[in-house]
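Participant: Below are the chains, spelled out letter by letter.
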Amino acid sequence: MSVHDIPATDQESRPGEAVRRHTVRREAASGPARRRLSDLPGWLLAGTAVLLLLAVWEAIVRAFSVSEFLFPAPTRVVQALVEGFGNGTFGKHSLVTLQEIIYGFAIAVVVGLLVAVWVSSSRLAEKTLLPIIVVLQTVPKVALAPLFLVWFGFGMESKVLATALIAFFPVLVNATLGFNSTSVEQINMMKSFGATRLQILARLRLPSALPSIMAGLDMAVVLSVIGAVVAEFVGSQAGLGYLILASNTSLDVATMFGVLVVLSVIGLILHYIVVFLGRRLTFWSEENRGRNVAP
Amino acid sequence: MTTTVMRFDHVVKKYGGSTLAIDDFDLEIGDGEFVSIVGPSGCGKSTLLKLVMGLEPLSGGAISYSADARSVSAMTGMVFQQPLLLPWHTVLDNVLVPSSLQSRAQRKADQGWARELIEMLGLEEFAASHPYQLSGGMQQRVGIARALLHDPRILLMDEPFGALDAMTRDQLTMDLLRIWETDRKTVLFITHSISEAVLLSDRVVVLTPRPGRIADTIDIDLPRPRTLATINTPEFGEHARRIRQVLDGTEAVTS
Ligand SMILES: Nc1ncnc2c1ncn2[C@@H]1O[C@H](COP(=O)(O)OP(=O)(O)O)[C@@H](O)[C@H]1O
Ligand SMILES: [Mg+2]
Numbered sequence: 001m002s003v004h005d006i007p008a009t010d011q012e013s014r015p016g017e018a019v020r021r022h023t024v025r026r027e028a029a030s031g032p033a034r035r036r037l038s039d040l041p042g043w044l045l046a047g048t049a050v051l052l053l054l055a056v057w058e059a060i061v062r063a064f065s066v067s068e069f070l071f072p073a074p075t076r077v078v079q080a081l082v083e084g085f086g087n088g089t090f091g092k093h094s095l096v097t098l099q100e101i102i103y104g105f106a107i108a109v110v111v112g113l114l115v116a117v118w119v120s121s122s123r124l125a126e127k128t129l130l131p132i133i134v135v136l137q138t139v140p141k142v143a144l145a146p147l148f149l150v151w152f153g154f155g156m157e158s159k160v161l162a163t164a165l166i167a168f169f170p171v172l173v174n175a176t177l178g179f180n181s182t183s184v185e186q187i188n189m190m191k192s193f194g195a196t197r198l199q200i201l202a203r204l205r206l207p208s209a210l211p212s213i214m215a216g217l218d219m220a221v222v223l224s225v226i227g228a229v230v231a232e233f234v235g236s237q238a239g240l241g242y243l244i245l246a247s248n249t250s251l252d253v254a255t256m257f258g259v260l261v262v263l264s265v266i267g268l269i270l271h272y273i274v275v276f277l278g279r280r281l282t283f284w285s286e287e288n289r290g291r292n293v294a295p
Numbered sequence: 001m002t003t004t005v006m007r008f009d010h011v012v013k014k015y016g017g018s019t020l021a022i023d024d025f026d027l028e029i030g031d032g033e034f035v036s037i038v039g040p041s042g043c044g045k046s047t048l049l050k051l052v053m054g055l056e057p058l059s060g061g062a063i064s065y066s067a068d069a070r071s072v073s074a075m076t077g078m079v080f081q082q083p084l085l086l087p088w089h090t091v092l093d094n095v096l097v098p099s100s101l102q103s104r105a106q107r108k109a110d111q112g113w114a115r116e117l118i119e120m121l122g123l124e125e126f127a128a129s130h131p132y133q134l135s136g137g138m139q140q141r142v143g144i145a146r147a148l149l150h151d152p153r154i155l156l157m158d159e160p161f162g163a164l165d166a167m168t169r170d171q172l173t174m175d176l177l178r179i180w181e182t183d184r185k186t187v188l189f190i191t192h193s194i195s196e197a198v199l200l201s202d203r204v205v206v207l208t209p210r211p212g213r214i215a216d217t218i219d220i221d222l223p224r225p226r227t228l229a230t231i232n233t234p235e236f237g238e239h240a241r242r243i244r245q246v247l248d249g250t251e252a253v254t255s
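First to last, the protein sequences are chains A and B. Here the UniProt record's numbering is used: the first residue of the first sequence is 1, the next is one more, and so on. Here the UniProt record's numbering is used: the first residue of the second sequence is 1, the next is one more, and so on.
Be aware that one or more of the hints could be misleading.
Claimed, not checked - Residues from chain A that face chain B, not an exhaustive set, calculated with beta carbons under 10 Å:
| hint | residue |
| --- | --- |
| 1 | Gln137 |
| 2 | Ser192 |
| 3 | Gln237 |
| 4 | Ser285 |
None of these hints come from the bench; they were simulated from the model. Note that this is a predicted model, so its numbers are computed, not measured. Heads up, the beta-carbon is just placed ideally off N, CA and C, and yes, glycines get one too.
From just these sequences and the hints, can you work out the full model?
Facilitator: Now the structure itself:
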């Protein structure tokens, strides 16, 4: 008797659902594939959503005659933007804040990378500095902004340094993580071909760390914008943060919203510059493979 | 035997003061000799190569080797179990890594030779590709080309085909044999495959696990050049059986 002719009684005696023959057949779908709304490009969907939101906002403000001192309509904000850039105030203050952001960010990147190299190449530095850094990271750095004012004055220096301090930690932490992500095997490989410590750092650990570094820079650039504005809140004579305070005092809420728009645009542009650079530099990383971003 | 190229003199290696990874390892390798070390996982095979390359300090004994080369690092070429390519470099740049570590001029001077090596390993279409666009076997070919860039007299290979599927493995083994026949480098080849060791080697060193000691050394006198057909000869089977016996013996002792 082969396995194929088990007596029928055997099957019937089992409890539960009776065994029946099932057949599955798959073939290509006929006709064109169904189009879904989610097939549309992301920018188009997001853009439409934003426009819809603005329209609803405008409609509500008009329908209920909301005071423009409380909540100006989008058209009123656009008007404030046109005026602000027309008479030069927005341009002047934007330039101040943009400078603070870029200088602060640059200092954070340079110092952050240097400290990360130091921490990840010296056991002694790692053991002594890393715990300190972890603790300092949790200190709310914005709380130090008033002190910076005392130390460095009302000018741009105190804002640049406050921005640098806030942006420094994500750069340092992510770069350290990145530098330490290199495997022992890869380091041994480089050594076996005669690489010096410096060569291992420059040609293996630095490029390996780039995806992580770029993620840190992205966080840092967003924090830089926040840092510069908060530092200006604490005490300043120029900049977009100053402009927000000034327009708030004069109940010019539309201008305040206009400044918010300018700040968001600055943040977005800086974010996209970092993302674009990151994709170019790390085209080989697992995340970017297949994105077709190779140089 | 011809001149001795590499000598292990009562080598001892302890990890962390307690784990005895290698004990009293004594071996002489002649010029142009292909020596394999076989042994179960964890018996200290990789440790031996790390000791040779100075990647780990010895706990006792000495290792010495000599060869004609432009520099100390050009004496040897090492192939690892993982390809360990730099993902941001093209195949050509990966092969050129050993030269680029010396100088820009050296890298430039070796470009033509690097291309020849890439061709020799059947990768000419992929010279400008990046590692992630290559299969595992192709990546390992790049690793071999890189080890050959300095045209070193000594090749060190740590289970180079261990992570590959059987068919790719056979292909690469035969390619290695073909390349080796052209100038007969001194090779120290680590593997846990008995048939790979017999097919490639002049001599097979069987290592016992914990601590890694030499259980036996078996001379493989099969005629060269060898092919995949060599595997089916009775002499091949005899050598493989011999090694299998030694290995089984060592395991019986430890269990
Ligand atoms: N860096 C290390 N620190 C401590 N023990 C190690 C280290 N490297 C290897 N060992 C131990 O030494 C023994 C031999 O390891 P290894 O040379 O990698 O063996 P194999 O290559 O034959 O598999 C193993 O027991 C392993 O656990
Ligand atoms: Mg190993």
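Participant: So, for every hint listed, does it hold in this structure?
Facilitator: Structure-based check of each hint:
With its C-beta approaching chain B no nearer than about 30 Å, glutamine 137/A sits outside the 10 Å limit, and its interface hint is violated. Hint on serine 192/A holds. Least Cβ distance to chain B is approximately 4 Å, under the 10 Å limit. Annotation: glutamine 237/A was flagged as interfacial toward chain B, and the flag is violated, the nearest CB pair being 47 Å apart, outside 10 Å. Below 10 Å, beta-carbon pairs count as interface contacts, and serine 285/A has one with chain B at about 7 Å; its hint therefore holds.
Of the numbered hints stated above, those contradicted by the structure are hints 1, 3, listed in ascending order.
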